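Colleague: Line by line, the protein sequences give chains A and B.
Residues in the first sequence are numbered consecutively from 1, following the UniProt record's numbering.
Residues in the second sequence are numbered consecutively from 1, following the UniProt record's numbering.
The set of hints was computed from the structure by calculation and includes no laboratory data.
Fair warning: this is a prediction, and the values are worked out from it, not measured in the lab.
Please note that a few of the clues may not be correct.
Stated by the list, open to error - Each pair of labels, with its calculated beta carbon distance range:
(1) A/39 with B/22: 26 to 34 Å
(2) B/22 with A/130: 31 to 39 Å
(3) B/138 with A/42: 39 to 47 Å
(4) A/257 with B/201: 41 to 49 Å
(5) A/163 with B/138: 36 to 44 Å
Unchecked claim - In silico EDC-like links for lysine to aspartate or glutamate, alpha-carbon gap of 16 Å or less:
(6) B/134 with B/163
(7) A/33 with A/56
(8) B/225 with A/259
(9) A/150 with A/110
(10) B/257 with A/229
(11) B/206 with A/171
(12) B/262 with A/229
(13) A/246 with B/163
(14) B/2 with B/62
(15) B/246 with A/243
(16) B/272 with A/215
(17) A/235 with B/27
(18) A/246 with B/243
(19) B/257 with A/243
(20) B/60 with B/21
(21) B/235 with A/258
(22) A/235 with A/175
(23) B/20 with B/163
(24) A/235 with B/236
(25) B/246 with A/250
(26) A/206 with B/36
(27) A/206 with B/277
(28) B/235 with A/260
(29) A/257 with B/236
(30) A/225 with B/259
(31) B/235 with A/250
(32) A/272 with B/224
(33) B/206 with A/277
(34) B/225 with A/260
(35) B/257 with A/240
(36) B/162 with B/21
(37) A/33 with A/75
(38) B/235 with A/110
The C-beta atom is built at its ideal place from N, Cα and C for all residues, glycine as well.
Protein chains: 2
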Amino acid sequence: MKIVIVGLGNIGGSFALAIKESGLNHEVYAIDKDIETLRTAEEQNLIIQGFESPSEIIPKADFIIFSVYPLILEDVVRSYIPYLSDGTIITDVTGVKRNIIGSIEPLLPENVDFIFSHPMAGRENSGLAFASAKVFQGANYLITPTPRNKTENVQFLSQFVKDIGFRNISEITPEFHDEIIGFTSQLTHTIAISLINSDLVERNTKQYTGDSYRDLTRIANINEKLWPELFIMNKDYLVEHIDNFKHQLDKLSTAIKDEDVKTMEEMMVESKVRYHDLHSLDMKE
Amino acid sequence: MKIVIVGLGNIGGSFALAIKESGLNHEVYAIDKDIETLRTAEEQNLIIQGFESPSEIIPKADFIIFSVYPLILEDVVRSYIPYLSDGTIITDVTGVKRNIIGSIEPLLPENVDFIFSHPMAGRENSGLAFASAKVFQGANYLITPTPRNKTENVQFLSQFVKDIGFRNISEITPEFHDEIIGFTSQLTHTIAISLINSDLVERNTKQYTGDSYRDLTRIANINEKLWPELFIMNKDYLVEHIDNFKHQLDKLSTAIKDEDVKTMEEMMVESKVRYHDLHSLDMKE
Numbered sequence: 001m002k003i004v005i006v007g008l009g010n011i012g013g014s015f016a017l018a019i020k021e022s023g024l025n026h027e028v029y030a031i032d033k034d035i036e037t038l039r040t041a042e043e044q045n046l047i048i049q050g051f052e053s054p055s056e057i058i059p060k061a062d063f064i065i066f067s068v069y070p071l072i073l074e075d076v077v078r079s080y081i082p083y084l085s086d087g088t089i090i091t092d093v094t095g096v097k098r099n100i101i102g103s104i105e106p107l108l109p110e111n112v113d114f115i116f117s118h119p120m121a122g123r124e125n126s127g128l129a130f131a132s133a134k135v136f137q138g139a140n141y142l143i144t145p146t147p148r149n150k151t152e153n154v155q156f157l158s159q160f161v162k163d164i165g166f167r168n169i170s171e172i173t174p175e176f177h178d179e180i181i182g183f184t185s186q187l188t189h190t191i192a193i194s195l196i197n198s199d200l201v202e203r204n205t206k207q208y209t210g211d212s213y214r215d216l217t218r219i220a221n222i223n224e225k226l227w228p229e230l231f232i233m234n235k236d237y238l239v240e241h242i243d244n245f246k247h248q249l250d251k252l253s254t255a256i257k258d259e260d261v262k263t264m265e266e267m268m269v270e271s272k273v274r275y276h277d278l279h280s281l282d283m284k285e
Numbered sequence: 001m002k003i004v005i006v007g008l009g010n011i012g013g014s015f016a017l018a019i020k021e022s023g024l025n026h027e028v029y030a031i032d033k034d035i036e037t038l039r040t041a042e043e044q045n046l047i048i049q050g051f052e053s054p055s056e057i058i059p060k061a062d063f064i065i066f067s068v069y070p071l072i073l074e075d076v077v078r079s080y081i082p083y084l085s086d087g088t089i090i091t092d093v094t095g096v097k098r099n100i101i102g103s104i105e106p107l108l109p110e111n112v113d114f115i116f117s118h119p120m121a122g123r124e125n126s127g128l129a130f131a132s133a134k135v136f137q138g139a140n141y142l143i144t145p146t147p148r149n150k151t152e153n154v155q156f157l158s159q160f161v162k163d164i165g166f167r168n169i170s171e172i173t174p175e176f177h178d179e180i181i182g183f184t185s186q187l188t189h190t191i192a193i194s195l196i197n198s199d200l201v202e203r204n205t206k207q208y209t210g211d212s213y214r215d216l217t218r219i220a221n222i223n224e225k226l227w228p229e230l231f232i233m234n235k236d237y238l239v240e241h242i243d244n245f246k247h248q249l250d251k252l253s254t255a256i257k258d259e260d261v262k263t264m265e266e267m268m269v270e271s272k273v274r275y276h277d278l279h280s281l282d283m284k285e
């Protein structure tokens, strides 16, 4: 199968690495605007050949993985339309789905099957240099089929990502995807940003931190060119999740002010139960 | 040197393990109310002998480490007073300092030197079975000297914890300790509790999580018999930190609602700078 990865950054590069390490017998090509990246990937035998434009390789593609920033995805897809062949399967890696699907599906030719999906293995650093096959191993993968997708193609994508190392592959609606990602990914990033930005820098906090502060700020190393657009595209769910979180925090804060041990204990018992439930799955370590 | 560890739980047990693995030539004893724990520790050669009461071993102690719950520390110390010998050095492991020092210092005989301290290596599981020498390796250690402490004893404690694996040992005031711990440890725990408790359980979130949600909820496995008292003893600083955090979160939430990309980008750039500063120290991994 001829696979074309469009955008050979952190995630696109990780796909190339994971395909290579899976031992699957695919021919992998890439398109990227950065010629240095393409040459590096060719030298590392990550790809057979790199291209700066779609005209030559896209017509031959059996499977295309769009791994570009959400804000440019629509324009990139639009410019690729003339080169798409019948029967080509396509996916993306975008962290929001309703908006992206709504803008891209109307552009698609009839015999091309774009199955939108989202690898739950975000990396905070950008660029091919930070790509890694390991980050996909055991991670979750979300597929958001729509009525226009062919069942066998959805099954192909599901098997493909399993073969390159993902573990729990879920098929969910775009709405549910955005709701849950607003919680597990976007809310957590807003919390990490707010936490680290509420630090008093002159206190030289790093001298006195334990694991908990390091755990909660690990994702504060955020790409400011990517995340604002993701937040905006999902703002209805995200703002709701922030409000629910704040409601819990206010409840706890009030209990602390009132020295209300009973409420604190109840909240901690609840959080402990939920923690054990969360970690009861054999999850990625 | 004869060392007596009072309370052979997770932290007390980790001290015993770390002393053993350091190769230092100390005689380590322990006092615990649970005789099974003492026998286990004896069989594992973690301690020379275990005791259920202080009368026999405390008079012989050169150095005592109180590793008991903060709420019982004052009573335990009070009951040990008759057995303390002149020149004995004492420390504790309590996560708050102003309140603890204020209640314990007035009880102490003149020739006993209680130097209050705090190993920044909390563990979420309790009991000797979860003790580990590894958790101390490279961790931060906070010592909060008071005017009644002898300089040479503070130096002894500092060298001792360095010898058993701690890396950055800071001497700070009890006030500064409580202020910064309210931020790095207590605020992070209130956030983790509030985050996991704001989850919709029926959504079966664990199927769809990435690393960020796991990172931010790792400390939600909280001991409800320990933390409410720590929060209450430090509520002035903790509530202030919660308010500062909420201020940042509100600012970000408003920017999301208003689709104010500029403010979001500024906050993210700031959080990225702070992240890199935080991780610029060669810290515990």
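Colleague: Indicate, hint by hint, whether the structure satisfies it.
Modeller: The hints, checked one at a time:
Taking 26 to 34 Å as the suggested C-beta distance range, the pair residue 39 of chain A and residue 22 of chain B does not conform, at roughly 51 Å. Roughly 37 Å separates the CB atoms of residue 22 of chain B and residue 130 of chain A, a value that falls within the hinted 31 to 39 Å. For residue 138 of chain B paired with residue 42 of chain A, a C-beta distance near 41 Å keeps the hint of 39 to 47 Å intact. Our hint of 41 to 49 Å for residue 257 of chain A and residue 201 of chain B is violated, since their Cβ atoms are close to 27 Å apart.
For the hinted restraint 36 to 44 Å between residue 163 of chain A and residue 138 of chain B, the CB-CB distance of approximately 39 Å keeps it satisfied. With a C-alpha separation of about 13 Å, the suggested pairing of residue 134 of chain B with residue 163 of chain B holds against the 16 Å cut-off. Straight-line distance between C-alpha atoms of residue 33 of chain A and residue 56 of chain A comes to about 15 Å, which keeps the hinted pair within the 16 Å bound. A threshold of 16 Å between alpha carbons decides the hint, and for residue 225 of chain B with residue 259 of chain A the separation of about 14 Å falls inside it, so the pair holds.
Distance check on the hinted pair: residue 150 of chain A and residue 110 of chain A sit about 12 Å apart at the alpha-carbon level, within 16 Å; holds. Proximity of residue 257 of chain B to residue 229 of chain A is assessed by CA-CA distance (about 12 Å); at most 16 Å being required, the pair is judged to hold. Our distance criterion of 16 Å between C-alpha atoms is met by residue 206 of chain B and residue 171 of chain A, whose separation comes to about 14 Å. Distance restraint check for residue 262 of chain B and residue 229 of chain A: the Cα-Cα separation of roughly 11 Å lies within the 16 Å cut-off, and the hinted pair is therefore satisfied.
A hinted pair counts as satisfied when its Cα atoms are at most 16 Å apart, and residue 246 of chain A with residue 163 of chain B does not qualify at roughly 43 Å. Restraint check for residue 2 of chain B and residue 62 of chain B: satisfied, since their Cα atoms lie roughly 5 Å apart, inside the 16 Å limit. As the CA atoms of residue 246 of chain B and residue 243 of chain A are separated by approximately 11 Å, the hinted pair is consistent with the 16 Å bound. Under the criterion of a C-alpha separation no larger than 16 Å, the hint pairing residue 272 of chain B with residue 215 of chain A is consistent with the structure, at around 15 Å.
Simply put, residue 235 of chain A and residue 27 of chain B have alpha-carbon atoms about 61 Å apart, too far for the 16 Å limit, and the pair is violated. With a CA separation close to 11 Å, the supplied pair residue 246 of chain A and residue 243 of chain B stays within the 16 Å bound. Restraint check for residue 257 of chain B and residue 243 of chain A: satisfied, since their Cα atoms lie roughly 12 Å apart, inside the 16 Å limit. Between the alpha carbons of residue 60 of chain B and residue 21 of chain B the distance comes to roughly 23 Å, so the proposed pair goes past 16 Å and is violated.
In summary, the hint linking residue 235 of chain B to residue 258 of chain A is supported, as the alpha carbons are separated by about 10 Å, within the 16 Å threshold. Note on residue 235 of chain A and residue 175 of chain A: the hinted pairing holds, with a Cα-Cα distance of about 13 Å set against a maximum of 16 Å. In summary, the hint linking residue 20 of chain B to residue 163 of chain B is supported, as the alpha carbons are separated by about 11 Å, within the 16 Å threshold. The suggested pairing of residue 235 of chain A with residue 236 of chain B is violated, with an alpha-carbon distance near 34 Å, which exceeds 16 Å.
Restraint check: the Cα-Cα separation between residue 246 of chain B and residue 250 of chain A comes to about 9 Å, which is no more than 16 Å; the hinted pair holds. Straight-line distance between C-alpha atoms of residue 206 of chain A and residue 36 of chain B comes to about 39 Å, which puts the hinted pair past the 16 Å bound. In summary, the hint linking residue 206 of chain A to residue 277 of chain B is supported, as the alpha carbons are separated by about 8 Å, within the 16 Å threshold. For the given pair, residue 235 of chain B sits about 12 Å from residue 260 of chain A by alpha-carbon distance, which is consistent with the 16 Å threshold.
Under the criterion of a C-alpha separation no larger than 16 Å, the hint pairing residue 257 of chain A with residue 236 of chain B is consistent with the structure, at around 8 Å. Under the criterion of a C-alpha separation no larger than 16 Å, the hint pairing residue 225 of chain A with residue 259 of chain B is consistent with the structure, at around 14 Å. The hinted pair formed by residue 235 of chain B and residue 250 of chain A meets the criterion: a straight-line CA distance of about 14 Å does not exceed 16 Å. Taking the CA atoms of residue 272 of chain A and residue 224 of chain B, the gap is near 9 Å; set against the 16 Å cutoff, the hint holds.
For the proposed pair residue 206 of chain B and residue 277 of chain A, the alpha carbon gap of about 8 Å is at most 16 Å, so the pair holds. Taking the CA atoms of residue 225 of chain B and residue 260 of chain A, the gap is near 13 Å; set against the 16 Å cutoff, the hint holds. Of the supplied pair hints, the one linking residue 257 of chain B and residue 240 of chain A holds, its CA atoms being roughly 11 Å apart against a limit of 16 Å. Pair hint residue 162 of chain B plus residue 21 of chain B holds up; C-alpha atoms about 13 Å apart against a cutoff of 16 Å.
Proximity of residue 33 of chain A to residue 75 of chain A is assessed by CA-CA distance (about 14 Å); at most 16 Å being required, the pair is judged to hold. Of the pairs offered as hints, the one joining residue 235 of chain B and residue 110 of chain A is violated, with about 62 Å between alpha carbons and a cut-off of 16 Å exceeded.
Hints 1, 4, 13, 17, 20, 24, 26, 38, counting from the list given before, are not met by this structure.
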